[in-house]
Amino acid sequence: MNKENIKAHKFGMVIDLDKCTGCGSCMVSCMSENNVPFKEDESNKKDSITWMRVYKLTNGKSFPDTEIVYLPRPCQHCGGKGDHGHSPCVSVCPATATDYGYDTGIVSQIYTRCFGCRYCMGACPYHARYFNWWDPKWPEGMEKYLSPNVSPRMRGVVEKCSFCYHRYQAARDKAYYDGREDIEENEYQTACTTACPAGAIVFGDLNNPAHRVHEIVKPDPHPASNNPNVVGKSRNPNVFRLLERLGTNPKVYYLSEREWVRKAGDNYLEGEWDKIKNHHGSESHG
Amino acid sequence: MKVDRRSFLGLGLGAVAGFSVSPVLLKLTDDSSIWTQNWPWTPVPVDGEVMYESSVCSLCPGSCGISIRKIDDRPVKIEGLTEYPINDGGACLHGISGLQYLYDPSRVKTPLKKNGDKFEEISWEEAVSLVSGKLADIRNAGTPEKLACITDKNTGSVSGLFKRLLKTFGSPNFYIMPSLESYLELTAASLHGKGTTIGFDLDNSDFILSFGAGIIEGWGSPVACFKANASRKERGATLCQIEPRLSNTAANADRWVPVKPGTEADLALGMCAVILKNNLFNAAAAAGFKGGFNKLTALLQNDYPLSKISEITGIKEADIEDIATQFAKAKMPVAVFGKGRGDGSQSLKELVAVHTLNCLVGNINKEGGAFVQPVKEYLEFPEETMDDIADKGFAQAKLSLYVHDLFDKVNASSQPVVEALLVYQSNPCYSLHDTKAVKQAFGKIPFVVSFSSFMDETAKEADIILPVHTFIERLEDIPSGAGLSKAVVGLSKPVVKPVFNTKHPGDILILIAKAMDGSVAQSFEWETFDECLETAAGDTWGDLSENGYVILSEGVPKIPHEIDISFLSKAPDSVQPTGDGDLLLIPIDNMRLPSAAQAASPFAVKTVSDEELKGKDTVVEINPKTAKGLKNYDRVTLTTPVGTAKVMIHLSEGIMPGLVGMAKGLGHSFDNKYVSNKGVNINELIGPVIESGSGLDAAFGIKAKISKA
Amino acid sequence: MDSALIPEGANRCSFPKFAVGIAIVGAVVLWGVYAMGLIWWKGLNQTNMNDYYGFALWIWADLAVIAVGGGAFFTGLLKYIFKVDELKNIINFAVIIGFICYSSALLILAIDIGQPLRGWFIFWHANVHSMLTEVAFCLSCYFAVLTIEFIPNILENRQANKVPFFHHLAHNMHGVMAVFAATGAFLSFFHQGSLGGVAGVMYGRPFAVREGLLIWPWTFFLFTWSAAAFGPCFTLLVTRITEAVTGKKLVKDNVVHLLSKISGWMIITYIIAKIIDTIYWATVTVPGLGFNISHFYSNNGFYGYWILVTEILVCGVIPGLILIMKSTRENPTLRLIAIVLGVIGVCLNRWVMVLQIMAIPVLSFDTWALYVPSWQEVATTVLPVAYGIILIAVTYRYLPVFPQEKELNRTKPVTE
Ligand SMILES: Nc1nc2c(c(=O)[nH]1)N[C@H]1C(S)=C(S)[C@@H](COP(=O)(O)OP(=O)(O)OC[C@H]3O[C@@H](n4cnc5c(=O)[nH]c(N)nc54)[C@H](O)[C@@H]3O)O[C@H]1N2
Ligand SMILES: Nc1nc2c(c(=O)[nH]1)N[C@H]1C(S)=C(S)[C@@H](COP(=O)(O)OP(=O)(O)OC[C@H]3O[C@@H](n4cnc5c(=O)[nH]c(N)nc54)[C@H](O)[C@@H]3O)O[C@H]1N2
Ligand code: SF4
Ligand code: SF4
Ligand code: SF4
Ligand code: SF4
Ligand code: SF4
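Chains as they are written, first to last, in our numbering: chain Z, 1 to 286; chain H, 287 to 995; chain A, 996 to 1411.
Treat the hints with caution; some may be incorrect.
As the list claims (entries may be wrong) - Derived lysine-lysine pairs resembling BS3-like cross-links, with alpha carbons at most 30 angstroms apart:
#, chain 1, residue 1, chain 2, residue 2
1, H, Lys991, H, Lys914
2, H, Lys917, Z, Lys61
3, Z, Lys56, H, Lys594
Just so you know, the hints here were simulated from the structure itself, not pulled from any lab data. In this text the structure is predicted, and so the values were computed from the model without any measurement.
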């Protein structure tokens, strides 16, 4: 693949946790955009398919010093160690049913190829992958609202957030039709981004300095000095990624002014956080 | 050739070997996997041409603009409409789930008539003649005032037609369900005079003092509030949230001040006292106060010393003083009221007390403050024709002031005080306090007609159900309200042919009216609702139909207003919760669960936290200090003077000790397995408490006990 | 009744008694098959797995049977390549046990995947980066090898052996068996290793991840080594059980002592490596990812340090020591204790490397996920055990599995 191609996109997201209200619009917009099924009891969150899941975090303090933050979690579209495209899930799938798009940075999922071994689910530390334990069933007549852009999945396969890949395809097709080489920032926006009433989600090309997501994240293209597996660290001190030190290299970034929230993004040994919190951004940035 | 055992064996083995090397096996293997990729029971959505249509969502008072993506004739996705003056892109989860309402198999698909315990299908002709016949009987008996009607709001053409029907029929008994807009008008009526309403300029305020208003819990126009809250972060505006529980709004605020429930009015008045004492009020504004400014000042100075307020509210004196001072000194402060979504029970004393803060600092009709102006009217119906019966009936006194009181009256009387009831776009049997009593009242009303799209709790109690189009199937003017700083009327359009044998509520009313005689029929001379709307909208219609919306007012109102504080000067009492339990049960509003007319969609239910709903059980929130050895998901029995429920426990440090928080919007009991029979309806556990002086049901909670199940 | 099929000179119980025994175990098989049918028909919703717990009881069983089935490749390696000739007296049985284990593993995989009819995509659309691809290829190939190793033994059945072709085939296959044993050992080395790699490469899971050599994490080598070490324990255990059930001595003590001794030294070397690995992982790998190892053993209702201690000390060091010392090794009771502990130890290791991984929260705001298997999972996990018992009973009855049986039981009257 054209790994070296400078024009390759690297689509990513930054979610402002101080703006996020936990309202769930992103979750529902995603379900409705991507033909996600629903079943009678969805209160067991460990078998409830939510490509976008909004976690509730607390600072662990007691009343009245408690704080809450909501953390929306789509698939992180991990670039894998060193950002070479070997995402935790992609590298383990025996049937190449999930793949890394070097031209987009998007981790795909091919439902008709997946044979349901669930190894990818074990490998993903973000629980972004969901298994179709049941046949998807829509109440009679309701299948009329299904979108033809995303194929409904069958029982026995894994599914997950695709960064609304079909929207990218549509934008690309339109650009091609109009005789343009590339798509505009606003032409490809995911369903969760456009739905968010708080405007907490910003989506775009992390490789394109003109895109808002790049402006906010200011990703460092060089590997982190203390961990060569980590690439693309943000140079914005308020921006962090989930489990960054594992070297998964997510393309979903989070933004918060609250220190405890940033700290909750990863695991730290005692005392470790205090040493790095003030220059949590990229080392090469200082 | 002799076929012996050995050659038979050989042949068999040969056949097996031959078969295994032939392509047949490979082909079968391949075919079987392809079959799994095309299981006939997995739907394949039909492709077609993509189109977008704009409309307005009317699932809640938010009135957001929406864009509906269609594949040929099939709507497949609802999203927020960019550049719509209320939401400008973005939509809430309920609006986005709109298509699940449209195709909901538990919709009422055709007119129904109750026969014993069951409903039977009838034709529209039969339904209309049944209803008009029954109404005619009441009218002919000379008791037209015994027809009552409940809808969701006062404004808009459909409510207008219901009102018109009642008036020309001869009944004053038109009621609306409590809503934030109704409370705003009530508060405005008390302080600024009848016919006015209040909007809050949250987009520009630099200090928002919220007395429990769930700015991001669905209060007001939800998406607009979300946007204002998000922009607050960029503008550096402060949000100070006062409420007993760490709601999402409290969590998102700059400052959360836990207050003992039911003492918010005292807190607001205490803050007024601080502002007065420290001379932080706007003298020019105060100079115009009518109704006893001096009396109020004296009252506040005497009855609301900081120490006492601190004790009542559980908030430190310094904090009260500090917040009051920050509020008064801010450039563009605004105090907002209406706990939770603002559509539940409220105390007028509290609403007025909080709004008095606005009045005192002089932010009425200033940028970033509270906008007070007359309710915008854009519709003009032709003058009703009134006959004698109509005149006489309509001149009678209303049975009660508010809807909950109406049902009390029905229950209290042995004679039917209401002979027939029309219910539209509301679900009183679910959303009023003490639903058992409400249902009992429904049982005592001889003839109940429900105009509903869904077989909800109220429709189930009706004698006739007239199924109406959902908002996706019908043309309707959708006026905004809900505390917005601007007034907009949007046009909701039919983007899909009706899925079932339903009708437009306006068309149904025209049919019913035409089937009657006298002033009623003469007052409904339109052929269709569309025609009615077009004529009533008059000059507005052109822009409305062209742009999909009309902005009726925007920006700071440049009109004088008066402030009359006589209500407070009379020192009304605060409401006390009933019962003798050691705990206080309070309702929790949450964006993901609608609590009013519309039940949640399957998608919305899917998003509900397992800290609120687990399997079929409601999970209540209590502080670990209150829990006394209970663990998460322990089952307990919750008892109040009104009812009992089995619930589960969730320990949370975000709720004040001594309280039990329970989500509103659960416990529906109609036939939809994705939405219903999940948890308990909190209104079955809380009874109304009438506020003296206003007549409102102001129950903010109820005393409760918990025992291990 | 079936005496014509029974090996010459062998003493077997009456057919009705045998049939009753088979019927009882057969009932368990039917229960398992019923559960299997349910799972294929209705899908994996018949299990209690969920999106947090994508690998569950039977994947553990799968890894465990492959580990204990390791006795086959290792004994084969010793017998055919290293020419440890005494082991010819137990190699047939080791192969049968291996065959049972590997066929069971394949069956479990066929039940485990969400789309059994697409299972072959793992070969057709193979991803060379995936440890599971390596597992699938080596596992299938090695199963073929085991079948080939098993065939001569089947052909030695009294009736089959009367057919000259079969007789010669069996004889010649024995002759070339070294080639298959070598291939088998190689394949087995890789798939045991890749099974270890399955966990070790999951760098999103700090409990599982290990550094390593080239593309192989240390768990790759540890799995192979542990299978070679504990596999013979299982062979010896099943032999001992068979002896107990049949009331006959089937393998001479010197053979047992030899295999025990080899197993003992393998266990000791393995457990030293395992301890080094654990210490390195706990003090370097895991803290580097921000975790204290206490994170993996606290705040939940099941997993504590006990599991680590049990696996490494009680079921590793102790059996290893017992088996390397002559006095304890040759004490039948202590030896039995050692091989039982060894089998438990390796099974526990596989449990930890499959199930504990899934249970541990990685995101700082996530919680432990514990799970209880459904009856369908239990039934399908018991199914291979019951099937194994039947296969052993049948092969023991009709095939000359133990070359020393006749010699060791000469004193007893022959009922034929
Ligand atoms: N029900 C039903 N099933 C069918 C068929 C049918 O007609 N009906 N047709 C069958 C046939 S003929 C085929 S070919 C298959 C097709 O089956 P699939 O290959 O599953 O087809 P899609 O669902 O269109 O796309 C698969 C995934 O690839 C992503 N994707 C698309 N382009 C790219 C890309 O460039 N990079 C990355 N990383 N991801 C990408 C999409 O977003 C989607 O998640 O379906 C088969 N299955
Ligand atoms: N928009 C869009 N276009 C696509 C794709 C997409 O995902 N989206 N996918 C592409 C791909 S991967 C593929 S394979 C193609 C498939 O495109 P097509 O080959 O057009 O496949 P279908 O539309 O499934 O069916 C073709 C026709 O064959 C008929 N047919 C069925 N069985 C038989 C038979 O036995 N004999 C005869 N004579 N006719 C039969 C069917 O009724 C149907 O009318 O579409 C491609 N085009
Ligand atoms: S839609 Fe926006 S505000 Fe709502 S939960 Fe999602 S990210 Fe947060
Ligand atoms: S979040 Fe999980 S599923 Fe998504 S790319 Fe990363 S490892 Fe894969
Ligand atoms: S479950 Fe599907 S996508 Fe995941 S690893 Fe297995 S085959 Fe690949
Ligand atoms: S990017 Fe698209 S697929 Fe992913 S969570 Fe958002 S809406 Fe869902
Ligand atoms: S906030 Fe109200 S009006 Fe707006 S989309 Fe949601 S339900 Fe509809």
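Hints, verified against the model:
At roughly 13 angstroms between alpha-carbon atoms, Lys991/H and Lys914/H fall within 30 angstroms of each other, so this suggested pair holds. Of the supplied pair hints, the one linking Lys917/H and Lys61/Z holds, its CA atoms being roughly 18 angstroms apart against a limit of 30 angstroms. Using a Cα cut-off of 30 angstroms, the hinted pair Lys56/Z and Lys594/H is violated, with the two alpha carbons roughly 37 angstroms apart.
Of the hints listed earlier, the one the structure fails to meet is number 3.
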